[in-house]
Amino acid sequence: MSEPTSRYALDNLNVLILDDNRHMRGLVQSILHSLGVKNIREAADAAAAFKELQHFLADVLIVDWHMEPLDGLDFVRLVRTAKDSANPYVPIIMLTGYTEYRRVTDARDAGVNEFLAKPISARALYQRFASIIDNPRPFIRTKNYFGPDRRRQNLGAPRGVQERRKDAQEGGGSDGLSQSEVESLLGG
Amino acid sequence: MADAEFIQVPNTLRKAKMGSGPGKLDKNLLANAEKAIEAFGEGFSDWIQDDIDEMEVARLRLSQEEEPDRALADLYRIALDLKGQGTSFGYNVVSAVGASLTDFMDPIRESDAPLSALQLDVVTAHVGAIRAVISEGLKDDGGATGQALLNGLARIVAKAQATAGP
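Chains Z and W, in that order, are what the protein sequence lines are.
Per our numbering, the first sequence runs over residues 455 to 642.
Per our numbering, the second sequence runs over residues 53 to 218.
It is possible that some hints are incorrect.
To be verified - Not everything, but these chain Z residues come out facing chain W in the computed CB check (under 7 Å):
no., residue
1, LEU467
2, ASN475
3, LEU481
No lab work stands behind these hints: they were computed from the structure.
Quick reminder that beta carbons are idealized off the backbone N, C-alpha and C, glycines included.
Bound conformation, chain Z alone:
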């Protein structure tokens, strides 16, 4: 018996892009349009994005990390834990040039769902959407964390990640992780 097939209908989604670089916002918007997303809003800083979320019912947020005065992690924490957050459960894709072990775990611990390393490709962005749609995560609330379950799958980290974890614990190891290593860390 053949497996039922399905397709993604991204045209049904509302997406907010937060990036302080207008070219990057333009690029992401251009890719999303091509993938069928029609309703896209942009923000150049975290405060504007947070305000936008009060009246724009975003289904997915795409957030850059390196911004000022609030960075992407600050924004994720705001969305997840602020009392006036419009949707603490909204899926968040962190888009960033950072791929070091410590950075990825910081993003995970702030409550991001997916991590997309720049340089961005259409396939990689499409796959992150597919992952969010196909694998919704329960949320966890503990004394120190609120966000998607970080232990969704216990696949074990690939060898490269284990080595870098050791490096990071010993204060070294600044090499970037590959996207698959990042996904493993995020439990994807």
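Starting from the known structure of chain Z, fit chain W onto it as the hints suggest.
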């Protein structure tokens, strides 16, 4: 995790999938998106000029010790942006130079010590390399010239790091 509360979140993204079972990426949409990146990237060599000019201004401010923290932050932000953009638009060497500069600057940004003359030379070399890559149109891996630029940067970075010590 004894005090962990599990919360089942309503799947609001169900509306973004038609049918059941494993989803398939639509190859036509993907091809369109790749074309969109290509079209968007046609302006890269023009708009990057503003970034290069801004890097040059920040480098000058650094050399004149004029708000050096701000200048370092500006340089880092642009280098990180270029690292993230270059390869998307076929300029792999721009990404490599951006990565080299951000890696070099990471420990400097965490230190309170002022930039040494050699460290400033490293910054200057990176800005010059990005300008050269764009002005010479060194796309993809940059060929022999692009690789020579990267090798040169690696040497000067190694020298500065050796001088700075562990």
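Among the hints numbered above, which are violated by the structure, and what are their numbers in rising order? The structure conflicts with no hint, since it agrees with every one listed earlier.
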